[in-house]
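**Student:** Now for the letters of each chain:
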Amino acid sequence: MAPALDGLFELHHVAVYRYLLRQTGLRADAEDLTQEVFLRALRAIDGYERRGRDRAWLLSIAHNLVVDGSRRAQRRPRIDAGIAPDSLACRGNAMLDALALEQAMERLPALEREALVLREVIGLSYAEIAEITEATPDAVAARLYRARSGMRRLLDRDDGGSSDRSA
Amino acid sequence: MTDDDLVLSMLADGEAVDPEALARALRSPEAITALVAFAGLRQRLRSRAELPGDGFYRRWQERTSTGFPTRRRWPAAARAGILAASLVLAVLTGVWIGTARRSGPLEQGPPNPTYVFHVATGSHTQGIVPDESRQP
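If you read the protein sequences in the order shown, they are chains A and B.
Here the first sequence is numbered in this note's numbering, starting from 1 and rising by one per residue.
Here the second sequence is numbered in this note's numbering, starting from 1 and rising by one per residue.
Keep in mind that the hints are not guaranteed to be accurate.
[Said to hold, decoys possible] Some chain B residues near chain A, calculated using beta-carbon distances under 10 Å: (1) 5; (2) 20; (3) 42.
[Stated by the list, open to error] Ranges between beta-carbon positions, derived for each pair: (4) 110/A x 91/B: 55 to 63 Å; (5) 43/A x 3/B: 38 to 46 Å; (6) 93/B x 111/A: 52 to 60 Å.
These aren't lab readings, by the way, just hints derived from the structure by calculation.
Even for Gly, the Cβ is constructed at its ideal location relative to N, Cα and C.
Sequences and hints are given; from them, build the entire structure.
**Tutor:** What follows is the structure in structure tokens.
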């Protein structure tokens, strides 16, 4: 059993971590929850029929953890979220770009942000996102479009604001 | 949100779209701008190389090196216990039934009669004819 979990961990822990980081906004929480996902997977692995959908299965567990996590309601501002040490080493515009992206993501409604992360960061199909979030593919399509439109609007506004300030 | 915009978003994701709806959407002057914006957002989001910190891997290593905590052992142990208890109960019940049959009321025979009927042959329409052969 443990070797199977080791394989799943090696293949998918980064995707699970990135999803949880975007959802929780905190690196420490994302790390704790990522380990919890794999421990829960271990408990459920006997009843799981592997059909090449390991990643979607693990992300479903992660989604349920986020939904159940009441502590998310009292999380710190997401402005510090996801700024990895390697990102901190970035210089100038790259750092500002990362911050702007984080701020824009923070302002999206939770369902839209989740769909965007699962699609653009993790690379899942509409069907997989629908399965994980317990929504229809049509609803996923609508959420993704609204998320993209929202991000475009927010990032354009930030860019405009930056330009105004620098002018 | 318009249907045209939605079709372009789905196209950017590689999902199946209606060709006629796509043709209609692409006629819009905003279509190229929207597609370029979608591609730009994707590039920005995917360029982030977020990885867990070293502490994450250290903790995971510690957890896995001491064995995985699992709850699967408890149901298995419970099932084995219930099975064993059922077997013992079945054996004890069989022994008890066997003992009861050997030493119960059946071994003592039927009870003694307290009332004896004598049934006479003949016509029953004229009443009971005494059986003289049975007279002392």
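**Student:** Run through the hints listed earlier and report the numbers of any the structure violates, in increasing order.
**Tutor:** Those not satisfied come down to hint 2.
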